[in-house]
Amino acid sequence: MITERPFTLALVGRPNVGKTTLFNALTGSRQKVANYAGVTVERAEGTADGGRLRVVDIPGLQSLRALSEDEQVAQAVLMGGDQLDAVAVVLDATDLERCLFLFSQVAETGVPMVVVLTMTDLAAKEGAPVSLADLERMVKCPVFAVDAVKGTGMDEFIAGVRRAAPPMDAGFELGFPPAVKAAIQRLSERADSPSLSLRDIRERLLFPVGQESGEWDKAVAVEREGLLGSGIQPRTLDAQTRYSWAAHVLRESAQGQHPGRALTDRIDRVLTHRVWGVGIFLALMYLVFASIYWFASPFMDGIEQGIGWLGGLVEGALEGQPLVQSLVVDGLIGGVGAALVFLPQILILFFFISILEGTGYLARAAFLMDRVLGWCGLNGRAFIPLLSSFACAIPGIMATRVMPDRRTRLATIMVAPLMSCSARLPVYVLVIGAFFEPIIGQWGAGLALFLMHFVGVVLGAPVAWLFTRGRKRQAMPLALELPRYQIPKWKDVLLSLLNRGKVFLKTAGTIIFFMSLLIWGLITFPRADDPEAAYAPSYASLPAEVQERIDFDAYVEQQLMADSALGRVGRFLEPAFLPAGFDWRMTTAILAAFPAREVVVPSLGILFSPGSDTEEDPGTLRDSLARAQWPDGTPLINLWNAAGFMVFFALCCQCMATLAVIKRETGSWKWPVIAFTYMTALAYVLAVVIYQVGRAVG
Amino acid sequence: MSQSSTPERLRFCDLKPGMKVRIIGCGPECPMTDRLADLGLTPGAEFEVKRYAPFGDPVEIRVRGCSLCLRGQESDGIVVEPI
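So the sequence lines, in the order shown, correspond to chains U and A. Under my numbering, the residues of the first sequence are numbered 1 to 698, in order. Under my numbering, the residues of the second sequence are numbered 1 to 83, in order.
Chain U extracted, bound-state conformation (with noise of 0.2 Å):
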């Protein structure tokens, strides 16, 4: 059997008009899909029709001028860069006169085409059917209605691509004015290298480049300025072409109407409301927060007595070794099993991101709080990377990419770091949990949840504007689109709930494990042989209000932990965070917790075990907290220092991964050292005012 090379075909198309839905209907893949522009900005590859149609899925296009990152990955996969067969214009029914001006740049770029219809049920109801039949008489190439989620329309699809079309001769086509062809003519008669085309000679004519020194580049420099004369708008000259074209292909094909958007507009009406919009947004925010507080308790403590369940059978069962004992159950048991604690929470917020992703809200966030964002120098395209980081900074981060703009883009990839991410959570619902939330309640609870997700944004703000200082011009402008609201999909939100999911077990089981492992054996060795012998004199050389705070059993874990090599590091490196109120144990979870913050959870699971000869009851990490003193038998954390602990996380950077993708994105090593640096002593600094003055006020 011969192997045939298969049948390459690019998915192209403007932004959020469906081509990665097709792509995944196609390929099988599970490729992100959100309902507002922007949410694929890399090129990703599959293969359908049983391995012989590669399909190569890119960023939605404005136009071909190429302009931010995630455009120029598209047009690299179009002008060549992937020996295409043929590409599928992919367009929606609901926005046809946009996506044919696409269409007409694409078509002059000399691979044969397909069209693909989306969304041809919703122009059809929203009172502007196409007819297939007419739209492809006038593109001159195959037509095919394809409703992705359905499946309707794919067979047909895969079948038909080969039948692609060379494309029409566009250029002429179009219908530029008589004075432009002319100029072209005359200037390609003049040309000195045949190699340029028609096409090539017109763009250098509308769109002048820097450099025109050479005897061709004045006469082309001559023809424009008689352009100009004869009351032609050279730079606007190509786009209103096209979309006179646009506009007669559309009146031909689909009665010539733009389809409406009633609902859509209806629901605007409020939730972009100038005061309305504001406070649905801030409640939307505060009930995401707090209903991930509230949802996931019965979750967590489901997970909790599971875990204190197999614990308590590992113990009976290790009964005898009393090491093998501890390493089971302090170091993985209690390690592992405290970060499992928080996936509830981790989940549900990713439900409620899915869900506004799938709605269309983002965008409407992005309208409301853009002139927000201009007076810190970025713009409402920084929204949905920031917002992004959220849930993770990486694909916000890489979300940057549809930010022309190389300074705005860097200073939004400086601040997505800031931005609370899900990592976070577990940090704030357990010191909450255990500190705050027996003095404010459930209800203050979920409140204190929402305000240290602020925390980043609000310094986040001063910071950007820092990094942006003295740029007031942007090469492209805002062009936020609106797209009509959408029920979300399930299988979306499901999706990104599995992905998550995984994410987070991958991260237990790997970093989160060998982490726990590392310091369960740091905390544990060296060990005296028989530590009760070993303290006793200093437990009996304590004052007596010592002592009676503090009984010797605990006394005793307590020494062995901080003769331990960890703990000994940990002392040494005390003081450095004794201002903000941070002991030893403290110091060290922050310390463990600079690759991943994640590790942060488990190894306070560690440090704090209640050890399992002092207690009856282990309880939860939470009551640990609580009850946790200083050598000295005061409590160890009170208001203020635990504010502090949160306000470090919430602004210090323990991500390699995050700086990784910095390097990355940026392609220098300079912008993860800057964010680190700053990140942290922010994060420092921060904790420290608070607790001191939380002492100074009492």
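Everything labelled a hint here was simulated from the structure, so no lab data went into it. Check each hint, because a few of them may be wrong.
In silico contact screen, one side only, chain U against chain A (beta carbon under 10 Å); selected entries [said to hold, decoys possible]:
{"id": "1", "residue": "Arg235"}
{"id": "2", "residue": "Thr241"}
{"id": "3", "residue": "Ala246"}
{"id": "4", "residue": "Gln257"}
{"id": "5", "residue": "Leu478"}
Covered stretches of chain U (chain A as the covering partner; in silico rule of three or more C-beta atoms under 8 Å from a C-beta of chain A) [to be verified]:
{"id": "6", "stretch": "97–109"}
{"id": "7", "stretch": "581–591"}
A short list of chain A residues far from chain U (calculated; beta carbon distances all over 12 Å) [said to hold, decoys possible]:
{"id": "8", "residue": "Glu8"}
{"id": "9", "residue": "Arg9"}
{"id": "10", "residue": "Leu10"}
{"id": "11", "residue": "Arg11"}
{"id": "12", "residue": "Cys13"}
{"id": "13", "residue": "Asp14"}
{"id": "14", "residue": "Met19"}
{"id": "15", "residue": "Glu81"}
{"id": "16", "residue": "Pro82"}
{"id": "17", "residue": "Ile83"}
Just so it is clear, CB atoms sit at the ideal spot from N, CA and C, and this is done for glycine as well.
On the provided structure of chain U, position chain A as indicated by the hints.
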């Protein structure tokens, strides 16, 4: 442009919600003429002003059937006439 006698010419910042206008052209000070044109804001295009965001910026317009949000500062060079 040459038709300086047109009586009603508006700048982008003069627009009010609900107004329907047609683009005449872009002043030389408009830095993003080509990019705005790619988005459908070409001379001759008509649009309706929908609403302003809370702090007066950006503005949502309905052009060629879709909703586009523009910042005042970026679109100030666009000259329009009411229809």
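Proximity test - 8 Å, beta-carbon atoms, the stretch 97–109 of chain U to chain A, at least three hits: holds (count 3)
Given as non-interface: Arg11/A, partner chain U, CB spacing beyond 12 Å: holds (16 Å)
Glu81/A non-interfacial with respect to chain U [C-beta, more than 12 Å]: The assertion about Glu81/A holds, with a minimum of 16 Å to chain U.
Cut-off 10 Å, beta-carbon criterion: hint that Leu478/U touches chain A: This interface hint holds because 5 Å falls under the 10 Å limit.
12 Å cut-off, C-beta based - Leu10/A kept clear of every residue in chain U: holds (18 Å)
No chain U beta carbon within 12 Å of Met19/A's: At about 16 Å from chain U, Met19/A clears the 12 Å cut-off, so the statement holds.
Interface hint for Gln257/U, Cβ within 10 Å of any Cβ on chain A: Holds. Min distance 8 Å.
Verdict on Glu8/A as a residue remote from chain U, using beta-carbon distances over 12 Å: holds (21 Å)
Minimum Cβ-Cβ distance from Asp14/A to chain U exceeds 12 Å: It holds; Asp14/A is separated from chain U by about 19 Å at its closest Cβ, greater than 12 Å.
Beyond 12 Å from every chain U Cβ - status for Ile83/A: Ile83/A is indeed farther than 12 Å from all Cβ atoms of chain U, at 16 Å.
When the least beta-carbon distance from Thr241/U to chain A is tested against 10 Å, hint result: holds (9 Å)
Cut-off 10 Å, beta-carbon criterion: hint that Arg235/U touches chain A: holds (5 Å)
The structure does not agree with numbered hint 7 stated previously, though it agrees with all others.
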